[in-house]
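**Student:** This is what each chain is made of:
Protein chains: 2
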Amino acid sequence: MLINRLNTFDDDFDSKLSTLLAWEEETNDGVNKVVRGVLNEVRKRGDEALIEYTNQFDRRSVVDAQELVLGEEELAASLAAISPDQRQALEQAAERIRVYHQHQTQDSWQYTEDNGTVLGQKVTPLDRVGVYVPGGKAAYPSSVLMAVIPAKVAGVEEVVVVTPAPDGVVNDMVLAAAAIAGVDRVVTVGGAQAIAALAYGTDTVPKVDKIVGPGNIYVATAKREVFGVVDIDMIAGPSEILIVCDGNTNPDWVAMDLFSQAEHDEDAQAILVAPSEEFVERVYQSIEALLPTLQREAIAKQSLAKRGALIVAKNIEECVDLINHIAPEHLELSVDDPESLVPAIRHAGAIFMGRYTSEALGDYCAGPNHVLPTSGTARFSSPLGVYDYVKRSSIISCSPAGASELGKIASVLARGESLEAHARSAEYRIAEDEK
Amino acid sequence: MLINRLNTFDDDFDSKLSTLLAWEEETNDGVNKVVRGVLNEVRKRGDEALIEYTNQFDRRSVVDAQELVLGEEELAASLAAISPDQRQALEQAAERIRVYHQHQTQDSWQYTEDNGTVLGQKVTPLDRVGVYVPGGKAAYPSSVLMAVIPAKVAGVEEVVVVTPAPDGVVNDMVLAAAAIAGVDRVVTVGGAQAIAALAYGTDTVPKVDKIVGPGNIYVATAKREVFGVVDIDMIAGPSEILIVCDGNTNPDWVAMDLFSQAEHDEDAQAILVAPSEEFVERVYQSIEALLPTLQREAIAKQSLAKRGALIVAKNIEECVDLINHIAPEHLELSVDDPESLVPAIRHAGAIFMGRYTSEALGDYCAGPNHVLPTSGTARFSSPLGVYDYVKRSSIISCSPAGASELGKIASVLARGESLEAHARSAEYRIAEDEK
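Read top to bottom, the protein sequences are chains A and B. Number 287 in full-length UniProt numbering belongs to position 287 of the first sequence; there are no gaps in the numbering. Number 397 in full-length UniProt numbering belongs to position 397 of the second sequence; there are no gaps in the numbering.
It is possible that some hints are incorrect.
Any copy, or any two copies together, can satisfy a pair, since identical chains are not distinguished.
[Stated by the list, open to error] Only pairs whose alpha carbons sit at most 25 Å apart, straight line, appear in this in silico SDA-like list of lysine to any residue:
{"no.": "1", "residue 1": "Lys-33", "residue 2": "Pro-400"}
{"no.": "2", "residue 1": "Lys-152", "residue 2": "Tyr-284"}
{"no.": "3", "residue 1": "Lys-44", "residue 2": "Gln-295"}
{"no.": "4", "residue 1": "Lys-435", "residue 2": "Ser-15"}
{"no.": "5", "residue 1": "Lys-207", "residue 2": "Asp-127"}
{"no.": "6", "residue 1": "Lys-314", "residue 2": "Asn-216"}
{"no.": "7", "residue 1": "Lys-306", "residue 2": "Asp-11"}
{"no.": "8", "residue 1": "Lys-306", "residue 2": "Phe-57"}
{"no.": "9", "residue 1": "Lys-122", "residue 2": "Thr-105"}
{"no.": "10", "residue 1": "Lys-44", "residue 2": "Asp-265"}
{"no.": "11", "residue 1": "Lys-306", "residue 2": "Asp-64"}
{"no.": "12", "residue 1": "Lys-122", "residue 2": "Leu-2"}
No wet-lab data here; the hints were simulated from the structure.
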């Protein structure tokens, strides 16, 4: 069987689906121990430890930490090194991402009450953000655009990219994306040591306020450990797509959209649900025919067999129930009238509407972010956005009359909580003639 | 010495201040082990385990899990049990909190491009939220209002409060606040077992999407463990205030404002910074005179001696630098023209402006939230707000023309990342005459 086949009519459908969806983040005591060691060393010894680990893990022979920093020249060189097509595509994508994320900016606000008391909220960008970019095979320039541009739109002054350079090699497309996105500094370090440097700061890597970006288990574990010292984005699980189709899309298109998820890695999850057994059968045949033509056939095959599924549902309403149950990272509504389904959809990272909107368009250049909540966390999490790069401060400015009024309420409540100093502090502000 | 005395002129000022500000969250292998055990048992055995732990830790003799649930009657009874003054104060505070947080609501938005492609963002409230309310001495009805009202403003359908009832006793003010805030269900369970029940669900406690609210080290550890299964708010450190005063506020007011922080617990931090040695001396004298008059003198005394400080600065600009360095949870600007300082302030949870705006007013009833980022996390975190109870979904709806255009860009980038199925999925959407 190339891919799991389920039918919502089946008695054991719920348990089969649960098994398929189950995903537990890998934790490993060995990894935890290594990571804690690396974090401690970099925290204590700074650049010295950072150089040691980088030379050891990335097979380099760095002597001076400044060798780790890529300057404007190297970034400019990478822009020249990629093809004009690639450069144009990166620039077009960057511009679209920028325009979309500008809609997410939030303004400070305040209002004044009758007695002159002012209440409000001040929105301030983070000072400095670190972006982790994996090296090697999973070096994705698109992820550089997606992580950096919202930070710049938010007004973050300094964005630092860390990326490993195994054997001294960095991907030109990644550097070109960094240049286009407006990254302020690139440091060629990776792994837990890079996360440590960003969280605690070294002479070469400045301490940041937030670290975003995916990485292997060492990187993810390190991010979890430094959470609280700095902010982090979510620890991502494997990528997933749920395609809902009414049965009228070209089955080859649907198969290829499933593949575009399955080709990521063996744990990626691609699911189709359709209210038509006949259509599901046709998609199965497309999968059978097209799978052998893929460059990444081996990975896609494993992913589909292990975690993929074609599901036959009773009707479109049941498809919507499944959407809300699964809370998919990516949701394709490959139907005639996708707008009619949207109001009922409560949980999805990104909704790709209509037969023409394949996930791949959103992954690269539609504009919305491709960093999305995985493993059902769309129930409570959002796409990476400008809102992740700002924080808010409450503004409270009481007029004497306002303070007097509020002082009376606060006094009663504070005494009810046995916090007498709170009460007395409030009571000082009550006007003499109202005491 | 009642409180630490520092002067920014001192050679060792920076290191002294660092020592004073240092705070590491307590971690304890013994606690971790106990908590993991409790989480596993409740996850596996549901209500049965919940009852066992509750009977054991809270000295109760519950037989049926339904005994743990408080209904509308109990909530109504608590409203009748508190004094009319207290009820009115709670209602006034609730109304002000509601009005303030209504300014934080966010609308879904979308825009249409020339070729008909629609991009947007859908904002959806979380389905169900759990609020942990500590029992015993630290039972704060104001915290119930602050956690629940923003959730209700956000549109969360179901808010579940869990709170321990040692020996079967629950604080009437807490229940009254729950009733006023519109809590849907109160379950009298606490500790790690309550967090487990909220995260995994039992027959009696529904699984939630997010858990908020403070608790002891068992509760905090359990929240950390279930993070990812559900969302959590920040793990709070001890509460802190930084007061900046120009030297013209009544020193008794400043002293009492420092006490209102110091009385919370021995680890709370109260700091004054003023550009006047003479004024700082007067505040010291006020502290000396007023401290013995406090009901919670013992706690405040320990807190001030251990973590409090009076700091003499060169000038008001240096005070602002200190604000941004400390990134305080609560900031009082006890000066003539607080507005002039606000633009330069980058990091603060809540800013209390002018001599009349004491923190206590904001703690209870000004309107903004009193759940604020502690221990310098105001660098990257925000007050609890409506935005914590919603999530966003990206909307992408490509017209055939839009998909054709985007398909060309996506194809180049996907092939650059060696993700061929992504490229082919995009290329399917390129119009025949443009291929």
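**Student:** None of the hints should be skipped; say for each whether it holds.
**Tutor:** Structure-based check of each hint:
Neither within a single protomer nor between protomers do Lys-33 and Pro-400 lie at most 25 Å apart by alpha-carbon distance, with minima of 57 Å and 52 Å respectively. In this homomeric assembly, Lys-152 and Tyr-284 never come within 25 Å of each other (Cα to Cα): the closest approach is 44 Å inside a single copy and 45 Å across copies. Neither within a single protomer nor between protomers do Lys-44 and Gln-295 lie at most 25 Å apart by alpha-carbon distance, with minima of 46 Å and 44 Å respectively. Proximity of Lys-435 to Ser-15 under the C-alpha cut-off of 25 Å is found in neither arrangement, the shortest distances being 66 Å within a copy and 45 Å between copies.
For the identical chains of this complex, Lys-207 and Asp-127 are intra-copy neighbours only, at 10 Å inside a copy versus 37 Å across copies, given an alpha-carbon limit of 25 Å. Taking the shortest Cα distances, Lys-314 and Asn-216 never come within 25 Å of each other, neither inside one copy (40 Å) nor across copies (48 Å). Taking CA atoms no more than 25 Å apart as the test, Lys-306 paired with Asp-11 passes inside one copy only; the shortest distance there is 21 Å, against 64 Å between copies. With identical chains, the CA atoms of Lys-306 and Phe-57 are never at most 25 Å apart, being 32 Å at best within one copy and 44 Å at best between copies.
Taking CA atoms no more than 25 Å apart as the test, Lys-122 paired with Thr-105 passes in both settings, with 13 Å inside one copy and 15 Å between copies. When the C-alpha separation of Lys-44 and Asp-265 is checked against a cutoff of 25 Å, the pair qualifies neither within a copy, at 36 Å, nor between copies, at 31 Å. In this assembly of identical chains, Lys-306 and Asp-64 lie within 25 Å of each other by CA distance neither inside one copy nor across copies; the values are 47 Å within and 42 Å between. For the homomeric pair Lys-122 and Leu-2, neither the shortest alpha-carbon distance inside one copy (54 Å) nor that between copies (35 Å) is at most 25 Å.
In summary, the numbered hints that this structure violates are 1, 2, 3, 4, 6, 8, 10, 11 and 12.
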